[in-house]
Amino acid sequence: MNPVNYLYLAALLFAIGASGVLIRRNVIVLFMCIELMLNACNLALVTFSRMHGNLDGQIVAFFVMVVAAAEVVVGLAIIVSLFRSRHSASVDDASLMKL
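For the sequence shown, my numbering gives the first residue as 992, with consecutive numbering after it.
Rather than coming from a laboratory, the hints here were simulated on the basis of the structure.
Check each hint, because a few of them may be wrong.
To be verified - Per label pair, the in silico range of CB-to-CB distance:
hint, residue 1, residue 2, range
1, A1006, G1044, 27 to 37 Å
2, V1057, M1023, 17 to 27 Å
3, A1009, D1083, 15 to 25 Å
4, L1046, R1075, 42 to 52 Å
5, S1076, N1045, 45 to 55 Å
6, D1047, V1071, 30 to 40 Å
7, V1051, S1079, 32 to 42 Å
8, M1023, V1051, 15 to 25 Å
9, H1078, G1044, 46 to 56 Å
Glycine included, every Cβ here is placed at the ideal spot set by N, Cα and C.
From just these sequences and the hints, can you work out the full model?
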């Protein structure tokens, strides 16, 4: 498969994730859209790495995956805390950080 097709796929995934972040109001959906954008960046990094024949992009993609995993742990804890206190998963209800 041509590597340019992977870049098109990464751009499509990033566009879907960005539109989800801009349109949706549910915190869980926003979280999934951010993960989709991070995975699109990983796909682009690995594709560029393969195109140029070095491992730099793959190493950076690995670090992005580690940071995304840490983000999921912290983010889900915040979302669960907000849901328990406000009984809603809407971004509009979470605009005030004071509980």
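Now for the hints, and whether the structure bears them out:
no.: 1; hint: A1006 <-> G1044: 27 to 37 Å; verdict: 28 Å, holds
no.: 2; hint: V1057 <-> M1023: 17 to 27 Å; verdict: 19 Å, holds
no.: 3; hint: A1009 <-> D1083: 15 to 25 Å; verdict: 20 Å, holds
no.: 4; hint: L1046 <-> R1075: 42 to 52 Å; verdict: 43 Å, holds
no.: 5; hint: S1076 <-> N1045: 45 to 55 Å; verdict: 48 Å, holds
no.: 6; hint: D1047 <-> V1071: 30 to 40 Å; verdict: 37 Å, holds
no.: 7; hint: V1051 <-> S1079: 32 to 42 Å; verdict: 37 Å, holds
no.: 8; hint: M1023 <-> V1051: 15 to 25 Å; verdict: 22 Å, holds
no.: 9; hint: H1078 <-> G1044: 46 to 56 Å; verdict: 53 Å, holds
The structure shown violates none of the earlier numbered hints.
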